[in-house]
Each structure stands twice: as C-alpha cells, then as structure tokens.
Amino acid sequence: MDSFNICKKCNYVCDAIRFQQNFENWTSGNDNIDSFIQDTQLSAHHLFYEVLEWISYDRLYNIKYITEKKIYRANWFDRNISYWNNENQNWSRINQNMIVTLKNLNDPKNIALELMNEINKPYGITQNPVTKFYMVVLSDKCKKCNFICHAIHFQQNFENWTSGNDNIDSFIQDTQLSAHHFLYEVLEWISYDRLYNIKYITEKKIYRANWFDGNISYWNNENQNWSRINQNTQLSAHHFLYEVLEWISYDRLYNIKYITEKKIYRANWFDGNISYWNNENQNWSRINQNMIVTLKNLNDPKNITLELMNEINKSCGITQNPKTKIYIMVLYDECKKCNYACNAICFQQNFVNWTSNNEIIDKFIQDTQLLAHGKEFGLFKKVLEWIPYDRLYDIKYIAKGGFGKVYRANWIDGYIINNESGCWNRYRYKENMFVALKSLNNSKNVTLEFINEITLHNRGKINNSFIIGFYGITQDPVTKNYMMVLDYAEEGSLRNYLDKEYDKLNWDEKIDHMYDVTNGLEHIHENELIHRDLHIGNILKLKFNIAITDMGLSPEVLRGQNYTKAADVYSFGIIMYEIISGLPPYYDSGHDKNLAIKICKGLRPRFNIKVPQLIVYLIKRCLDANSLNRPIAREIKDTLHEWQSQLAKLHKWRYGLAELRAQIQEANIINNSSSNNSTPSSSLGSSYKTHSEAVYTSRLLNFNNLPEPKNSDDYYEQNDNIISAEFSESLQIDISQLNIN
Numbered sequence: 001m002d003s004f005n006i007c008k009k010c011n012y013v014c015d016a017i018r019f020q021q022n023f024e025n026w027t028s029g030n031d032n033i034d035s036f037i038q039d040t041q042l043s044a045h046h047l048f049y050e051v052l053e054w055i056s057y058d059r060l061y062n063i064k065y066i067t068e069k070k071i072y073r074a075n076w077f078d079r080n081i082s083y084w085n086n087e088n089q090n091w092s093r094i095n096q097n098m099i100v101t102l103k104n105l106n107d108p109k110n111i112a113l114e115l116m117n118e119i120n121k122p123y124g125i126t127q128n129p130v131t132k133f134y135m136v137v138l139s140d141k142c143k144k145c146n147f148i149c150h151a152i153h154f155q156q157n158f159e160n161w162t163s164g165n166d167n168i169d170s171f172i173q174d175t176q177l178s179a180h181h182f183l184y185e186v187l188e189w190i191s192y193d194r195l196y197n198i199k200y201i202t203e204k205k206i207y208r209a210n211w212f213d214g215n216i217s218y219w220n221n222e223n224q225n226w227s228r229i230n231q232n233t234q235l236s237a238h239h240f241l242y243e244v245l246e247w248i249s250y251d252r253l254y255n256i257k258y259i260t261e262k263k264i265y266r267a268n269w270f271d272g273n274i275s276y277w278n279n280e281n282q283n284w285s286r287i288n289q290n291m292i293v294t295l296k297n298l299n300d301p302k303n304i305t306l307e308l309m310n311e312i313n314k315s316c317g318i319t320q321n322p323k324t325k326i327y328i329m330v331l332y333d334e335c336k337k338c339n340y341a342c343n344a345i346c347f348q349q350n351f352v353n354w355t356s357n358n359e360i361i362d363k364f365i366q367d368t369q370l371l372a373h374g375k376e377f378g379l380f381k382k383v384l385e386w387i388p389y390d391r392l393y394d395i396k397y398i399a400k401g402g403f404g405k406v407y408r409a410n411w412i413d414g415y416i417i418n419n420e421s422g423c424w425n426r427y428r429y430k431e432n433m434f435v436a437l438k439s440l441n442n443s444k445n446v447t448l449e450f451i452n453e454i455t456l457h458n459r460g461k462i463n464n465s466f467i468i469g470f471y472g473i474t475q476d477p478v479t480k481n482y483m484m485v486l487d488y489a490e491e492g493s494l495r496n497y498l499d500k501e502y503d504k505l506n507w508d509e510k511i512d513h514m515y516d517v518t519n520g521l522e523h524i525h526e527n528e529l530i531h532r533d534l535h536i537g538n539i540l541k542l543k544f545n546i547a548i549t550d551m552g553l554s555p556e557v558l559r560g561q562n563y564t565k566a567a568d569v570y571s572f573g574i575i576m577y578e579i580i581s582g583l584p585p586y587y588d589s590g591h592d593k594n595l596a597i598k599i600c601k602g603l604r605p606r607f608n609i610k611v612p613q614l615i616v617y618l619i620k621r622c623l624d625a626n627s628l629n630r631p632i633a634r635e636i637k638d639t640l641h642e643w644q645s646q647l648a649k650l651h652k653w654r655y656g657l658a659e660l661r662a663q664i665q666e667a668n669i670i671n672n673s674s675s676n677n678s679t680p681s682s683s684l685g686s687s688y689k690t691h692s693e694a695v696y697t698s699r700l701l702n703f704n705n706l707p708e709p710k711n712s713d714d715y716y717e718q719n720d721n722i723i724s725a726e727f728s729e730s731l732q733i734d735i736s737q738l739n740i741n
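The sequence shown lines up with residues 1 to 741 when you count with this note's numbering.
What the hints contain is simulated information worked out from the structure, not anything from laboratory work.
Incorrect hints may appear among the rest.
Quick list of the computed label-pair ranges, beta carbon to beta carbon [what the hints assert, rightly or not]: (1) D39 - E509: 18 to 26 angstroms; (2) N496 - E729: 47 to 55 angstroms; (3) Y192 - Q20: 50 to 58 angstroms.
Here are the computed lysine to aspartate or glutamate pairs in the DMTMM-like style, where the Cα-Cα straight-line distance is at most 20 angstroms [said to hold, decoys possible]: (4) K510 - D714; (5) K103 - D78; (6) K143 - D78.
The structure displayed is predicted, hence computed values, not measured ones.
Heads up, the beta-carbon is just placed ideally off N, CA and C, and yes, glycines get one too.
Generate the whole structure from the sequences, applying the supplied hints.
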C-alpha cells in the first residue's frame, strides 16, 4: 500500500482518502462549489451523514416541477452512499431510483449559509445543463420522524392520482400523512380497472370483487415502491379476519398448564392464527405459530355471542376437552394500551416461569417488563431480566470498590432484542458476550442501597448509549448477594485508559471523550436524576465510546446530605481536567481534611501543559465555587458538539472556528517545544507518582466545619490555567495555621 495514501488522522486509508483520490474525476465547473463539496468529503473519516457529492444531471430522471411547492422532484439513478465496498473498490449505495427534491442554489459563493437553513438532508449538488442553474439535491425528511418515513412516500405520490373529488382526496391523503410508522389505518384511491370478477351478492346487498394489487405491506427501498400482499384477494365490505373464529382441535394445543392465581389454563397453539388466504397454496397463511393462548371454559354454548362480548381478550376459536367434553374458548391476551399482544404481554405470560426468590426484586424486574409496550427492537434498553447464575460462565474476579466487588463473565444467552413472532420466541443478540457482574455487599438482604442503585441505573440507561448497559439481575449462589449484570468495558475505567493511551490522544479525541461523558450526564439530568458519585473511575471505556456507570452510590446521599445537578457538573469539570492533562487531580497531595479546606478556599488542579483558553474557560466555569455560576449539562454538551463540528471542518461558517484552531495550534507548538526537557510535559499523563495518601475510590467522608467555598481572587482573570501558580503556592502552607476547627 502507498504510504502517501494513509490518512494522518486515522493512520489508515479511511473514507476521506477514498473521496480525495476521486477529486480529479469530477468537477462542477465552479471552484467554490468544488471546494465546498471536497471539504465535506475530506471530513468524512468515519461518518457519511454530512457528505455531499457532485451529481451529474443525467443521473436524474422523471424531473417534474411541483407548482405549489415551487421545487422540482426527480428520481436519482445512483442513490446515496452507504459504505465502501473493498471487493468492488467502489461505494456501495442504497435506495436505488430514490425520489429527491431539486432546489435552485441562489448564491454558489454562500452554499454553507443556504444549506444551514435547509431542514432536509442534502445529498449533493447538480447543474441544469439548459439554464446553467446550480441545484441542491435534497431528501424529503419528515419533520416529526427526522427521516423519510411512510408519510413522505405517500406524499411524494399525491400528484399521481385523484378521485376527482377534493373532499375524498383530502380524506385519503390525511390517512396517509398520519402513517409515519404504521400502515394499519391507511386508505388508498383504488382505480376501478384494478378490480375484476365484480359480482353483486343479493342477500348481503353488497358487491364482491377481486383486487389485482393487494394491500400495502411495507416500503421496498430497492424497488422504491410499496411491497404488497394478498394480490387478487377477494374483497367485500365484510372482508376482515380480525373477528373470525375457528374450530381448534384439542390436539393442536400443548404445554397446557393451570394458572392458579388467575383460575385459567395457558397453552401453546401449534398453528397460530389466520393471516390471509394464500392463493398459491389454496390454504390460509398463518402467523404466530406456537403462540401462547388462554383457555377459558365456555359456560353456555347456547349463548356464545354473549360470552365472547364480555371477553376483553381476542378470541381465536373454540375447542373441546376430549375427557371432560367441556367446550373451551381459545383466547390470546391483548394489551389494553396497544390493543394486541405486545412485548409487555409476552413478558407477563412468562412471569410464571422464573423467580429471583425475592418478591421485591421480582416486582422490580416485572415492572420494567410491563412498561415494554409495542413490538420495536432494542428491548434491552427498556427492560431487565432475571438471569439465572448457571447461564453465566468463566466468572473471574476483577476488582473491589468501595461498596462491593466486580467480576467478569460470559453470558450464554445474550440480551433480548425483540419478542419475535409473538411471545414464544425471543430474539437475542451477542450470545456468550462478556458482561460485568457488580455485587453489592450484604445485598442478599436486598438493602435500600441496592434497590436505589438498580432503579437509578435502569432509568438512566433507557435510550442512551453513553450510560453503561444494564441487562438484568442474578444471584451468587454461594454468598447469596444479588448482582447487577452490566456491559463489560474491555479497557476498564477511563483512568486506566488514560494511563495507557494518553500520549496517543490528540485534541479531537480528547474533545470526543469529553462529549461522550457529558452526553450521558445530560441524559441523567434530563431524567431528573443526579449521579452523585461522578469520577473518572466510574467512567468506562467501551469499544466505540465512553459510558457512565455506578448510578446513585454517593457517600453524600448515604449520609443523608443533599446533592445537586450542579455538583455533578463540578465533578465533570474535574473529569475534563483529567482527560486534557492525563493526570488525576491532586495526585501529589494527601486526600485529607487539609486538602478539603484548601479546595474550599479556592484550590483547583493546575495544567502542566499549554491548553487552549476556550477549553480552560469551560473547565473554570464547571469548577466555579458558586454552583449558580456553573453551566448545565446541556450547555456543556452543545459547546463540545460545536467544537467537534468545527474541528471536523463540517461547519466552516460558524463563528469561533479560527479562534479554536489557532489556540490548538499554539498549544501544540508550545507543548512540542517542551519535549526537549528531561521530562516532557506531554508525557506526564503516564509517568506521575501518586501520593501515598491520595485515594481515588468511593468512600465515606466526614469533614466538619469546612470554610465557605470561594474562588481564587484572580479566578476569571487567569486565562491560561485554572488558577494561577502564585495562588496555588499561597495555599501550600500548614493548614493548622488557619485556626479552622
């Protein structure tokens, strides 16, 4: 491989290099446009979301002007980039012949400003060969869903049909514009010539016909059209299978069990319920084979209708016990909220098959499962499981913290993604995955601390990948202590990672790591939670990002003291200092009451390297002695995200880019020049010596009569460091001289 093709940032041939190698093969004919497109491509080291392309006009077809919107619509032959295909040595693409919007580019010199005001994702730029106008090629993005959902696909087709009646058109379109995710209530305009075998049924006073096309099933990206089912289906005003009953032979049921507390029987049904008529097989197609059903005695076969009317659950059919000769209704559990057997129902049906042998823990796990409505993937983000200890193997002790022990293990099953095909077949992911087992001391008695920990951890982890994954609870059969089953971080804590890898980190990566932590912290605070024990030992380095762990085990909270979101922000300021410097705070001091007094009087850790002033200022705000002056987590995250974008050259028009870059370049020059010293400051992150009384694990602190917290006198006047060297030295006196009791 040619070493000149290797990306200096990634140290391999990344996507930005592949784009760069193709620059000579295209041009828009306009230097400003070429430069703008190339800048987006050179920033695409890993992600394609903001990449633009030059799209040749002859790759677009079916170009139509939409009068009411004053835009053009077209189909794009090539479709958008998905990933680099090493085998073909070219970009693999998705969404062939996709529909795009074409919008005139008013000022090619200010492309960035125009695109910034666009709500839809731009794919690239093209040029009308006749008018010579440059045009932005955009996706139609739904404002609600933030992607091209079903409603957008329907909307793009409005111009291709009409009933000839505005009221009917509007009614049908309204049903389609509401179909962001589900197609159940969508109506279509069906051209009469798509129906055949039309017959009048006298006794029912209706017509019956066959429909060539069949009803919509899902959007097919490959064909850029709707995939349909039930082609040539017979239609009538009563053509719904939802209320159909069938005779179910008793030998098609198995695993029949009596549920004492509900006074009903449960069973599995081999066949599953009817879905549609399959013309090819001339039989009913079925779904949900081996589904769980409820069996309930039919008290009065002469009044079946009345009994079924009083049932809240859907009836599948009727069977008969061959021994007792009693007729039985075959029902399946419907969720009152979802109106079908959703994930919550599936979990509920399985409650009889497991127990932790502790009512509090059983109820806690069951409560998380009963909230898992719907059928979406990613259940592990919402629910917990009871994980039998014998489903774990290769269990190895890792470390002991202030409040318990941590082990590593393999989990045979992996976590639940979805209850596939109903409630009887759970689809799992990552079998034999590594997990961490966190045991709390004396949790066999299910202490308040353990319940607080699992409650806060479960609430915090929902829909956020920057908080460590929490899958369930198990129990050590020897100690009887309960254990949390968590994501395993191969590289350990962020402190361990910095000790090993700090010298290899550049400014972009440091900012990325800080962003990951604040992303998790913002999610915690938005859920009205407080971490209470945020330090670098509780930040774990995962393969692709950094995540927060140890929710809620704060010494302050255990002592009954109040803890605030602002205190979390202060802790995050210390973490930012550690990521930037590579050093633990106050590593050269004993962690005792003397240090606590100095911190209250304004002591803060100092950088031993040159740091950009913008970063110093953000850290100073987080470490402000007055909690009211500290930024909230959302503001910190937005600031760090802005820096990420600037350093990636994604938003060159934003104010502050030149200042941040200049400060980083200045810091690099100064830090590199110090490499001639006997102990380079840039390598101190891996060579510090910790004071014998410096403690970095959670522990109970009981310092009384500390002075009122304050900042140093020159706190915000000192721009190059958190506090001045003079102020730091002024505090290095015997604290006993301060006469603090």
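Hints and how they fare:
no. : hint                            : verdict
1   : D39 - E509: 18 to 26 angstroms  : holds, 21 angstroms
2   : N496 - E729: 47 to 55 angstroms : violated, 32 angstroms
3   : Y192 - Q20: 50 to 58 angstroms  : holds, 56 angstroms
4   : K510 - D714                     : violated, 27 angstroms
5   : K103 - D78                      : holds, 19 angstroms
6   : K143 - D78                      : violated, 25 angstroms
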